[in-house]
Amino acid sequence: MPSALATLVIRLTRRTDGSIVLDLRRPDGTITWQRRTGPTAEFFAVHDLTHYAVETVLGYHSAFYGLVAAGWELDDFGTPWPRGPLPADALPAELIVGMFDTERASGVRLAADAFNDSAASWFSNEGAPSRVRISDGQLAEMRETLASLVGRWTSLLPGETMELRFPTLAHHERI
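Per my numbering, the sequence shown starts with residue 1, numbered consecutively.
None of the hints are false.
Label pairs and their calculated CB-CB ranges:
| hint | residue 1 | residue 2 | range |
| --- | --- | --- | --- |
| 1 | Pro167 | Pro87 | 15 to 23 Å |
| 2 | His47 | Pro87 | 17 to 25 Å |
| 3 | Asp89 | Asp28 | 16 to 24 Å |
| 4 | Arg152 | Thr7 | 15 to 23 Å |
| 5 | Glu42 | Val108 | 17 to 25 Å |
| 6 | Ala6 | Ser121 | 32 to 40 Å |
| 7 | Thr16 | Gly71 | 29 to 37 Å |
| 8 | Asp117 | Ser148 | 22 to 30 Å |
| 9 | Gly159 | Ala105 | 27 to 35 Å |
| 10 | Leu169 | Val108 | 28 to 36 Å |
| 11 | Arg15 | Ala114 | 34 to 42 Å |
| 12 | Trp81 | Arg11 | 20 to 28 Å |
| 13 | Glu160 | Asp117 | 33 to 41 Å |
Hints listed in this document are in silico derivations from the structure and should not be mistaken for laboratory results. Glycine included, every Cβ here is placed at the ideal spot set by N, Cα and C.
All chains should be modelled from the sequences, with the hints used to inform the complete structure.
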């Protein structure tokens, strides 16, 4: 059972060679990191900041950053999914982050009701009740947080690092 708050340190660095490095230091001192290059590097930097905005505003401690804090490696979040599918507790955050990614790609901002309807449809297709219900206020706070983070990120010069601290629930053992 989770107990006290601990901190995951998130570092995003713009390298002088144009690559972007995501470095995550867990509460136990271990690190997982990934260097991204090419056209998707910037997308994933903003995607990771979106996770931060969603998970901090909505208080999700068992989604992407919580799983990393508990021992997941960055390579665990994709094919061939070495740890198996994402835990059910992580799905709402993934869904909301994906909707923000879609908003950025399409240029169309969704209202909270559209987020909730889309989530309900997705969970229904999965044969499960929807676990997402966000208010207009929460959506506005996520957008404001994300805009601030992206502003900080885009102002970094090559060689500079952005550091965030993500409060996680300490786990008695790594998963």
